[in-house]
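J.: Whenever a hint applies, use it, and build me the whole structure from the sequences.
Going down the list, the protein sequences come from chains A and B. To convert, take the position in the first sequence, counting from 1, and add 9; that gives my numbering. To convert, take the position in the second sequence, counting from 1, and add 9; that gives my numbering.
Hint data in this document are derived by calculation from the structure and do not stem from the laboratory. Take the hints with a grain of salt, since some may be wrong.
If several chains are the same, the list does not tell them apart, and a pair holds so long as it fits within one copy or across any two.
[Stated by the list, open to error] Only pairs whose alpha carbons sit at most 30 Å apart, straight line, appear in this in silico DSSO-like list of lysine-lysine:
hint, residue 1, residue 2
1, 84, 382
2, 84, 129
3, 382, 197
4, 324, 84
5, 382, 434
6, 88, 387
7, 197, 324
8, 403, 129
9, 324, 249
There are 2 protein chains.
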Amino acid sequence: MLRLGFAGRIYPVNPSYDQVLGMRAYPTVDDLEGPIDLAVVITPPSTVATIVERCARKGIRAVIVSTEGFAEAGKAGAKLQQQLLNTARHAGVRLIGPNTLGIVNTSNGLITNPYPMGYKRIRKGNIAYSSQSGVIGAHAQPMEDRSYHVGKTCDFGNKCDVDEADWLDYLMDDPGTRVIAMHMEAIKDGRRFMDRLRRTAARKPVFIFKTGRSEQGARASASHTGSLAQSPQICNDAFKQAGAIPVNTWQEFWEMPKVFESQPLPQGNRIAIVTLTGGVGVAATDVAVESGLAMAQFSDATMEILSGLSPNLTKNPIDVGPTMVLTDNPLAVYDTALTAVLSDPNVDCAAIILFAGSAPPVGTTVSMLARLKQRISKPMAVWMYGPRMHFRDKLSRQLEAFGLPAYLEMETAIRALGIAARYAKVKSELGREASRGSPTITTRRKAENRSKSPAS
Amino acid sequence: MLRLGFAGRIYPVNPSYDQVLGMRAYPTVDDLEGPIDLAVVITPPSTVATIVERCARKGIRAVIVSTEGFAEAGKAGAKLQQQLLNTARHAGVRLIGPNTLGIVNTSNGLITNPYPMGYKRIRKGNIAYSSQSGVIGAHAQPMEDRSYHVGKTCDFGNKCDVDEADWLDYLMDDPGTRVIAMHMEAIKDGRRFMDRLRRTAARKPVFIFKTGRSEQGARASASHTGSLAQSPQICNDAFKQAGAIPVNTWQEFWEMPKVFESQPLPQGNRIAIVTLTGGVGVAATDVAVESGLAMAQFSDATMEILSGLSPNLTKNPIDVGPTMVLTDNPLAVYDTALTAVLSDPNVDCAAIILFAGSAPPVGTTVSMLARLKQRISKPMAVWMYGPRMHFRDKLSRQLEAFGLPAYLEMETAIRALGIAARYAKVKSELGREASRGSPTITTRRKAENRSKSPAS
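T.: Encoded structure:
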């Protein structure tokens, strides 16, 4: 936290040391002074409940329990976890965990993950990622190399108390969160979660990567988090009905949200694909169609501009490569074609496929795209291919600094645009439904009463 | 070619120069001496047919036409292409192209791709990649960074003569090719291709990435190669029936074949998943089940060894992480568990999920896996996660040098094993069918007669 520039005060509690990293250490929680917002507990399982009680006495109402050895470790652990939960409920304390790497907030440098690596240089953004597993952290994911734009993360671990429904309650009004991506194995209170999901999805896109979909996966989940994952039928279809976006791979989980973080929602599903090689254009067209996008038919005005450059350029996908090779000023051709296409009222979004072959030309293209992005407010996604991953990653990060999401795979770029178009439609439908009113609110009241009851 | 160490003789032909890169240049093909195997033509479209005639007179029976401006460029180009084909057929010359980046053979340094970058350092292997598009080359794909194990590549371009059926004819008996991966848009002679595909797939795995699956994609294909791609119904299902393996993304196209290049075929579909974190184990289990794999039930002997290490280790997926954290010798635990699992007669293949967190431990794990691979001949696939892509890539290359395929995504690693299990089954069925005999041979004769006819 010190290295991430956390501005708040930190109170180390440790009976064996007077000082920790130059800060005064307190022997017990009882010795702490001043208002404290959050406690992070990493002590042996049997001590945690007592510490939570002490926290409550000191007015600390939020506790993260990183300690392992609870429900995931067998029957004795499950009993300890129930005791811990009872203590917390009785004391009016909310708990994240146990068995969690905790939370990260890149905007204020709050990080309770004990693995420090990777957090300092991740790109800050407005995406909230959460997980039921340690793989969520910057220690495990190439957040810097891949530029995932992290705002907040939460690892729920065994989630004996705080769960994804609480997380959504918080995020739906959080101005620092534009997109939500949740990995989850088990759903604790299905009705409450689906209610929160529906209301959040009406305002912000929510991606869900549900694992434990298979019976065997659900059993594996039970053995490491102590809770049983749900059977497939209440998973992806239900999420979709609630307006959320199910994804099926880690890559989609991490990369898809970017399109919503930096891009406006598309007004429709008509895509233009601008490529430098025909073969990729064909493959991209397949993916677009399979993602529910329609290949845009250019307007007469656009066709006139394009055919002025070359008769080969009037098709969508537009393969600008061959024309660029034959001209003295390839970038002017590219700029004119791309501007015409993106300004076309028949085009709702664009996939831009670049070739990161050698440094200077593609660098100039990146600047050109940055200027274009300033003038035209339509969702775009970029895929860059080429022989050097490092160079591709570097250019991708430049593009993202200019507000253009760049993807590792062509398929992810196009599918992200397809998801954006579908979500834009879903959002307006959910908005209309919500404005009609009552059922949502009734469900909310019930759910809130339940969550307040210590018996639940 | 000089830089790749091509051992054969090269004869530059150019009317304007006496010397090219220190080699004597000849003004025309007519001036060439000695037996020549292959000509690469990169002259203007209108000159190509004449040059092919001259090649034939010099006894050159194989020509690669890189020149663009044929069928992909409109009606005039299509006419030129037909003339070129007639000339070649009449002269008894076989043509690759036009509009092609040509071929690469990493084993002898033969490379006709005019973009030199990327070829020198790619990992040589036994995979034959082909494409109908320029993206096949090392100039466009991160062949070095991703370690694709390239043996031969062929870009068919407009494929007016030599096509994928000829390619399969050659590769099915080529000892340097263990796996075949083909990107294709249009199929020229469906019956002939399917016949060759069936016969090749009975001997070697053939991956097919068919683009132009959608109507719009097929139209886009027509506009850059001059040939119309087929409608979806004759695509992936037909390939599967023939024993081939359809893939749907570039990543699968490039990465899936690796499992067949270095691994034995599995004897069945029972997988063991060895992970260091529970969450990834759950996700991997879902993918395994969805890929047609069954979670292996360990034998009593294995269970005894595993429960001796920790009662938590008797499940599949095996999450070794928590046990390793609690022991003084984590690698010994890992080694014992992994050896027991892989030696188990109930296990047909294994997915190994590693965490590339910090240098020394995972480096030691890599050496340990290398020793294990020497002792146990079962197919394995590795996925390494962690915060630094560069470090992941480096360790992945080390693993691959030891004969263990390492994948960029967990899902690809598991699906590759699923494909291996399915192919092993398909292969034995196709083998039985082929040994019953006649229909295949009849089809072959017919197809060969047709391909010899200049009118076809």
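J.: Work down the list of hints and note, for each, if the structure agrees.
T.: Status of each hint after checking the structure:
1. In this assembly of identical chains, the alpha carbons of residue 84 and residue 382 never lie at most 30 Å apart, being 57 Å within a copy and 37 Å across copies at closest.
2. Proximity of residue 84 to residue 129 under the C-alpha cut-off of 30 Å is found in neither arrangement, the shortest distances being 39 Å within a copy and 58 Å between copies.
3. Taking the shortest Cα distances, residue 382 and residue 197 never come within 30 Å of each other, neither inside one copy (43 Å) nor across copies (42 Å).
4. Taking CA atoms no more than 30 Å apart as the test, residue 324 paired with residue 84 passes between copies only; the shortest distance there is 16 Å, against 64 Å inside one copy.
5. Proximity of residue 382 and residue 434 under a CA criterion of 30 Å is satisfied intra-copy only: 23 Å inside one chain copy versus 52 Å between copies.
6. Proximity of residue 88 to residue 387 under the C-alpha cut-off of 30 Å is found in neither arrangement, the shortest distances being 54 Å within a copy and 41 Å between copies.
7. In this assembly of identical chains, residue 197 and residue 324 lie within 30 Å of each other by CA distance solely across copies; the values are 24 Å between and 51 Å within a copy.
8. Taking the shortest Cα distances, residue 403 and residue 129 sit within 30 Å of each other both inside one copy (18 Å) and across copies (23 Å).
9. In the homo-oligomer, the alpha carbons of residue 324 and residue 249 never lie at most 30 Å apart, since the shortest distance is 34 Å inside one protomer and 32 Å across protomers.
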